[in-house]
Amino acid sequence: MEFSAKKRAEAAERPRDWEEIRSDFPILKQSVRDHPLSYLDNAASSQMPQDVIDRLVWYHSGEHSNVHRGVHTLSQRATRAYDQAREKVARFINASETKECIFTSGTTESINLVAHGFGRLFIGEGDRIVISAMEHHSNIVPWQILADEKGAEISVIPMSDRGELILDDFDEMLEGAKLVCVNHVSNALGTVNPIEEIVDRAHKKGVPVLVDGAQAIPHMAVDVQELGCDFYAFSGHKMCGPTGIGVLWGRKEWLEKMQPYQGGGDMILSVTWEGTTYSDLPFKFEAGTPSIAAAIGLGAAIDYLESIGMDRIARREAELLAYGTDRLQELGGIRIVGEAADKASVISFVVDGVHPHDIGTILDDEGVAVRAGHHCAQPVMDRLQIPATARASLAFYNQEIDIDRLVAGLYSVKEIFGV
Amino acid sequence: MSMRALYQEVILDHNRKPRNFGALEKANRRAEGENPLCGDNYTVYALVDDQGVIEEVKFEGQGCAISKAAASMMTVRIKGKSIEEAQELVQGFRHMLTGELEGGEKELLGHLTVFEGVAQRPERVKCAVLPWHALLAALEGGEKASTEGEHDVWHEE
Chain W
0 MEFSAKKRAE AAERPRDWEE IRSDFPILKQ SVRDHPLSYL DNAASSQMPQ
50 DVIDRLVWYH SGEHSNVHRG VHTLSQRATR AYDQAREKVA RFINASETKE
100 CIFTSGTTES INLVAHGFGR LFIGEGDRIV ISAMEHHSNI VPWQILADEK
150 GAEISVIPMS DRGELILDDF DEMLEGAKLV CVNHVSNALG TVNPIEEIVD
200 RAHKKGVPVL VDGAQAIPHM AVDVQELGCD FYAFSGHKMC GPTGIGVLWG
250 RKEWLEKMQP YQGGGDMILS VTWEGTTYSD LPFKFEAGTP SIAAAIGLGA
300 AIDYLESIGM DRIARREAEL LAYGTDRLQE LGGIRIVGEA ADKASVISFV
350 VDGVHPHDIG TILDDEGVAV RAGHHCAQPV MDRLQIPATA RASLAFYNQE
400 IDIDRLVAGL YSVKEIFGV
Chain V
0 MSMRALYQEV ILDHNRKPRN FGALEKANRR AEGENPLCGD NYTVYALVDD
50 QGVIEEVKFE GQGCAISKAA ASMMTVRIKG KSIEEAQELV QGFRHMLTGE
100 LEGGEKELLG HLTVFEGVAQ RPERVKCAVL PWHALLAALE GGEKASTEGE
150 HDVWHEE
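Chains as they are written, first to last, in numbering that gives the first Met the number 0: chain W, 0 to 418; chain V, 0 to 156.
None of these hints come from the bench; they were simulated from the model.
Pairwise CB distance ranges, derived in the manner of DEER restraints: (1) V/V9 - W/G332: 19 to 29 angstroms; (2) V/T97 - W/V140: 31 to 41 angstroms; (3) W/G332 - V/T97: 33 to 43 angstroms; (4) V/G21 - W/S22: 52 to 62 angstroms; (5) V/K105 - W/Q261: 53 to 63 angstroms; (6) W/Q328 - V/K105: 44 to 54 angstroms; (7) V/E83 - W/G150: 51 to 61 angstroms; (8) W/T97 - V/E142: 51 to 61 angstroms; (9) V/G21 - W/D167: 37 to 47 angstroms; (10) V/V9 - W/T324: 31 to 41 angstroms; (11) V/R18 - W/D381: 22 to 32 angstroms.
Yeah, the Cβ is synthetic: ideal placement off N, Cα and C, and Gly gets one too.
Using the sequences and the hints, build the whole thing.
As structure tokens, this is what we get:
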């Protein structure tokens with residue numbers, strides 16, 4: 000089942016066009032409420048191409064067993080496929096060692112793992128945790144829990160009205176800080192944050208940096224060594240993989256010092272009543288039977304993305320973002336929220352006089368799927384003094400026609416509401 | 000269902016110009032209604048006399064057109080009613096939204112049947128019912144109604 004080799008050989012011969020790539024996604028071929036589906040909620044969850052679906056079917060049909068503990072053939076097959084998935088992850092983000100890649104259930108668990116394993120060990124009373132103003136709740140709440148428990152403080156890197164971080168006082172904020180937590184790309188605004196600069200300045204003060212990469216990993220080539228951060232967290236289901244799988248990449252030096260997150264099977268070398276010796280990385284952090292199928296599915300998603308090429312995906316999405324931004328601006332009474340100079344393909348917007356939920360319902364009636372709400376980023380909404388936004392988030396398999404249908408739907412919104 | 004059937008003119012009108020909007024200083028009943036998933040948040044105020052008649056009712060807060068119009072039309076309808084009558088209306092309103100109207104309830108609801116289309120949009124039922132449950136919480140001496148968690152408006156069912 001070497002999809003990757005075949006795909007890469009094909010891709011080398013001729014780049015497949017976007018029409019063909021879109022047709023890899025069976026879910027996009029349906030109609031919703033008598034309209035062709037335009038799926039523009041990719042930041043919430045992306046769709047899976049047939050290759051990934053097939054890989055899951057094949058795993059369940061011919062390979063499934065538990066991993067790392069069987070002498071029999073199926074267990075060996077499952078173990079091999081699972082281990083290969085980890086190798087693919089490591090290659091995809093350019094980790095220096097495969098064992099630095101921990102499988103988790105998703106970005107949220109990855110961050111909680113760091114809050115638990117790193118935070119409890121290295122963050123104490125009066126210490127500071129620096130968090131950006133544009134984080135998703137999953138990169139806020141674990142730190143609030145930890146800060147409450149330890150008596151630590153949280154400092155917030157402010158952001159501008161355009162949705163860009165203001166780093167003027169960042170160096171002062173780093174005094175007494177034990178960790179910086181920042182997303183690579185904002186899920187609510189699309190802002191791409193200057194991770195290399197943040198890491199550079201934090202490291203000068205000896206402060207490690209955790210990056211929430213959930214919204215970056217599907218959109219651009221990510222090289223954790225080049226970014227220089229200490230932890231990088233992401234989810235499979237936002238990068239054409241299944242739900243229930245995610246990754247925490249961490250520097251070996253930190254991971255080795257950290258305490259296990261959960262205890263159980265598969266993470267031990269030996270257990271006696273006198274005491275327990277933990278396994279080495281990465282297994283120390285993977286107690287219990289993992290999401291084997293989902294991990295293998297994630298590996299297939301990586302193969303698929305690489306067959307297109309992350310740089311090509313980034314260029315395509317930049318085209319779609321520019322097209323979408325232009326078309327939305329031609330409509331009066333619409334304001335785009337998040338206007339950073341460097342943006343991923345996320346368009347958050349508000350329509351004067353219409354609540355985002357009503358926009359979402361009317362668009363859905365025309366087959367256009369967007370997210371409406373606070374996007375699990377209430378502090379971002381509070382900062383911008385809006386209750387919620389509607390958000391169209393684009394993936395490489397979207398096309399201009401999806402944006403045209405969004406705009407047509409917005410004309411309906413304006414007509415119905417008389418604005 | 001067409002969107003015009005959901006967003007009827009009367010709903011849009013109440014959304015644009017909500018009636019009885021604002022705080023009620025002399026209220027003796029008050030409760031908040033919130034949907035933490037979408038951020039809709041209303042406060043319902045009522046002034047109830049010794050006989051259990053709702054003399055005045057107002058609301059404030061923010062949310063979508065469905066929830067705001069539901070709140071506005073609710074205040075118009077509920078003024079002068081007894082607590083028992085309000086409870087009957089809430090029950091009828093809920094039955095309409097879940098497609099379980101019983102005999103006589105449609106007549107009881109009258110104008111409020113403009114929200115019947117919401118039943119076709121299950122994800123929006125919580126929007127329409129939110130202010131009603133805040134009212135119920137206020138009348139029954141509670142302080143909070145929520146679409147989620149322990150204050151979940153469907154909790155008892």
